[in-house]
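Residue 67 in the UniProt record's numbering sits at position 67 of the sequence shown, and the numbers go up by one each step.
Think of the hints as simulated: they come from the structure by calculation, not from any bench. These numbers come from a predicted model, not from an experiment. All residues carry an ideal CB built from backbone N, CA and C; glycine is no exception. Please note that a few of the clues may not be correct.
[Claimed, not checked] Using C-beta positions, here's what the derived DEER-type ranges look like: (1) S109 to R67: 18 to 24 Å; (2) S106 to T5: 27 to 33 Å; (3) F61 to E16: 17 to 23 Å; (4) A110 to N78: 33 to 39 Å; (5) D8 to F61: 15 to 21 Å; (6) F62 to Q98: 29 to 35 Å; (7) A110 to A17: 22 to 28 Å; (8) I7 to L100: 22 to 28 Å; (9) E86 to T24: 27 to 33 Å.
[Said to hold, decoys possible] Below are the DSS-like pairs computed for lysine-lysine, each with C-alpha atoms no more than 25 Å apart in a straight line: (10) K92 to K102; (11) K19 to K92; (12) K19 to K111; (13) K92 to K107; (14) K2 to K111; (15) K19 to K2; (16) K111 to K92.
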Amino acid sequence: KKRITLIDGGSYLRLEAGKVEYGTTATYIRKVKRTMFAGANSTPTPSISIPLVDDLIRNGFFDEQFRILDDSGEPMANVPYFISSENGETFKGVTDNQGLCKRVFSKESAKLTVWLGVLALERW
């Protein structure tokens with residue numbers, strides 16, 4: 001899978017086939033002569049119990065999930081994250097629309113460290 005990621009000064013731009021992703025810790029300004037905006041589309045999903053998750057918890061696995069919020073307490077969507085445990089496990093991804101990272105599981109209790117934005121991308 002080919003992709004290009006540019007990182008500098010607290011911002012990043014990632015280009016992949018059919019996908020452009022950007023993020024910044026500062027103000028984002030876009031200057032273009034023409035632009036087309038396609039609105040977001042969502043499909044409601046029913047709330048269901050996930051047997052695998054239930055089994056992992058029942059079998060003694062530890063689990064944790066982080067929600068990333070801005071200074072006003074609002075969820076931050078599409079923020080790259082990198083989670084590292086003291087026993088060497090790593091997890092990476094992008095927060096969802098509610099600012100949630102994916103739930104991580106571990107057989108042992110361990111201290112977790114979370115990096116966000118450009119700092120996370122540098123560890124990918």
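How the hints compare with the structure:
1. For the hinted restraint 18 to 24 Å between S109 and R67, the CB-CB distance of approximately 21 Å keeps it satisfied.
2. Hint check: S106 to T5, Cβ distance near 28 Å, so the stated range 27 to 33 Å holds.
3. Range check, F61 to E16: Cβ separation about 32 Å, and the 17 to 23 Å hint is violated.
4. Between A110 and N78 the Cβ separation comes to about 27 Å, which falls outside the hinted range of 33 to 39 Å.
5. D8 and F61 have their C-beta atoms about 39 Å apart, which leaves the hinted 15 to 21 Å range violated.
6. Judged by the Cβ atoms, the range 29 to 35 Å given for F62 and Q98 is violated: they are separated by roughly 22 Å.
7. Between A110 and A17 the CB atoms are about 36 Å apart, so this pair departs from the stated range of 22 to 28 Å.
8. Checked against the hint of 22 to 28 Å, the C-beta distance between I7 and L100 comes to roughly 24 Å, which is consistent with it.
9. Roughly 30 Å separates the CB atoms of E86 and T24, a value that falls within the hinted 27 to 33 Å.
10. At most 25 Å may separate the alpha-carbon atoms for a hinted pair to count; K92 and K102 meet this at roughly 9 Å.
11. Distance check on the hinted pair: K19 and K92 sit about 18 Å apart at the alpha-carbon level, within 25 Å; holds.
12. Of the pairs offered as hints, the one joining K19 and K111 is violated, with about 34 Å between alpha carbons and a cut-off of 25 Å exceeded.
13. About 18 Å separates the Cα atoms of K92 and K107, which keeps this hinted pair within 25 Å; it holds.
14. A C-alpha spacing of about 33 Å is found between K2 and K111, which places the hinted pair above 25 Å, so the restraint is violated.
15. About 11 Å separates the Cα atoms of K19 and K2, which keeps this hinted pair within 25 Å; it holds.
16. Under the criterion of a C-alpha separation no larger than 25 Å, the hint pairing K111 with K92 is consistent with the structure, at around 16 Å.
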